[in-house]
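There are 2 protein chains.
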Amino acid sequence: MTTSSRWSTAASEALRARAGFALTHVDPRSTPGYTGGKPDGVEDLAEGATRLGELQERLFAQSVAGTAEGSVLLLLQAMDTAGKGGIVRNVVGAVDPQGVELAAFKKPTDEELAHDFLWRIGRRLPEPGRIGVFDRSHYEDVLIGRVRALAPPEEIERRYGAIVDFEADAAARGIRWVKVMLHISREEQRTRLAERLDRPDKQWKYNPGDIDERERWDEYMTAYQVAIERTSTDAAPWHVVPADRKWYARLAVQELLADALAGLDPHWPAPDYDVEREKARLAAT
Amino acid sequence: MTTSSRWSTAASEALRARAGFALTHVDPRSTPGYTGGKPDGVEDLAEGATRLGELQERLFAQSVAGTAEGSVLLLLQAMDTAGKGGIVRNVVGAVDPQGVELAAFKKPTDEELAHDFLWRIGRRLPEPGRIGVFDRSHYEDVLIGRVRALAPPEEIERRYGAIVDFEADAAARGIRWVKVMLHISREEQRTRLAERLDRPDKQWKYNPGDIDERERWDEYMTAYQVAIERTSTDAAPWHVVPADRKWYARLAVQELLADALAGLDPHWPAPDYDVEREKARLAAT
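Line order of the protein sequences matches chains R and A.
The numbering of the first sequence is UniProt numbering, which starts it at 1 and goes up by one.
The numbering of the second sequence is UniProt numbering, which starts it at 1 and goes up by one.
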């Protein structure tokens, strides 16, 4: 099970936000670690789907056998139009839906607001042997939460530490975090919003609030920078994926996901029954 | 949006269990309504995935816009190895996972057993605008429930009527039922079980209980016959899909699913905002 030789540096290494990380230094049109162009990327994405599917099937088999110890949790955060939906459709969509637990976090309900911000998140952590996908997450509470001052500054401040503890605790219980920020440029967002407004089959993806958030672009970038700085840990590192080129973003997230799965080293579970005896039983029917 | 001309009779018509239906008259190797062979079927499955994906995206768009009135619920029942998993992977897996709600019903938990058998089912009915998939269902309670006498005969008897009422009620609230029995032959099951026992990457799919159920084959066929007779209604008809040929079963279920979606006639929702005004707002940012 090898990775394409077109990666000069593993995606998990090339994209990881380490100490001293600066979002302003990441070019949204760049393709870190990957030496190929778009046609190569499309080819590698198709090949990678096979690898991902195989890893996922082994993990799922372990979950059925009750021997799965870990799970992988892909967490996606991004500005509007950055391509979360495309990742879910094209990367996650390539594996068996039976092994995937997808959670889309919307504006909190009244019930959710009555609890701590991590309450609704904890309830959707994936079971062992599954791939969890978070479309938005608890980071909304330090992103829009911060930009729109939806909570007092000291509460926002408290949340960074609470997130670090929460994620470390989940990691200790077997969850491999794949935290991804899809990083799109302000200019590319304009192009994509304009396309949504132009096409009758895309207009449903647009809502006027998108512009309100767009007008706070710089504040959001600051909120992302702070969140990444404060919460990119060994137990749950952040990866910032340049997303102006959709083919690259999909390929990179697929690679991150496959590496996390490979890290669990899933094996076909040994049968917990006597194979020869069962063959004899079957023959007798 | 047309269907392949290789269907001489629509799958929904060719496979429907009507009054007088007899399971014993269905040949598991047959390909009702379809005039092509395997290579045609594989080609039509790929084309059908595009049609299904388009229909599903429109329906999903309506659910986002809050204008979706209906949903489609694919319910799969079958003897072991008949191919439920393959249908989920290859037919359902071709559409955007964001629009799918998959529920796999296992042996009931203690909590579930403390309620009426339909309690856990009602909680998993799909939301408007979604495709629900039931991998097994409330029919287990009149299939294994009957064969293994897990409930008294009068309770089993009561359940048929309760199911008809339950399904009619759900249909009245916008759920389009696509109830499918994948019909495999006893001989084909032997071949597939033998393959599972032979291959280390398949052994996890086997469990010794499969043989116990296989030994009751005729009783199961009777239980299916009775269940289909008693619960194939206009609101929630049964379709019996010959399943010895995997390519046909997948193609037929895809066709049934696409037809049900097309029946909802999903349209791109009209924007609930002023498009020109939003274009101007975007241009100003």
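Hint data in this document are derived by calculation from the structure and do not stem from the laboratory.
Incorrect hints may have been included.
A few chain A residues that face chain R, going by a derived Cβ cut-off under 10 Å, partial list only [to be verified]:
#, residue
1, Pro28
2, Arg29
3, Pro32
4, Arg89
5, Phe105
6, Pro108
7, Ala194
8, Lys205
9, Arg281
10, Leu282
11, Ala283
12, Ala284
From the three backbone atoms N, C-alpha and C, an ideal C-beta is built for every residue, glycine too.
Going through the hints against the structure:
no.: 1; hint: Pro28; result: 17 Å, violated
no.: 2; hint: Arg29; result: 20 Å, violated
no.: 3; hint: Pro32; result: 27 Å, violated
no.: 4; hint: Arg89; result: 5 Å, holds
no.: 5; hint: Phe105; result: 13 Å, violated
no.: 6; hint: Pro108; result: 18 Å, violated
no.: 7; hint: Ala194; result: 6 Å, holds
no.: 8; hint: Lys205; result: 8 Å, holds
no.: 9; hint: Arg281; result: 5 Å, holds
no.: 10; hint: Leu282; result: 5 Å, holds
no.: 11; hint: Ala283; result: 8 Å, holds
no.: 12; hint: Ala284; result: 9 Å, holds
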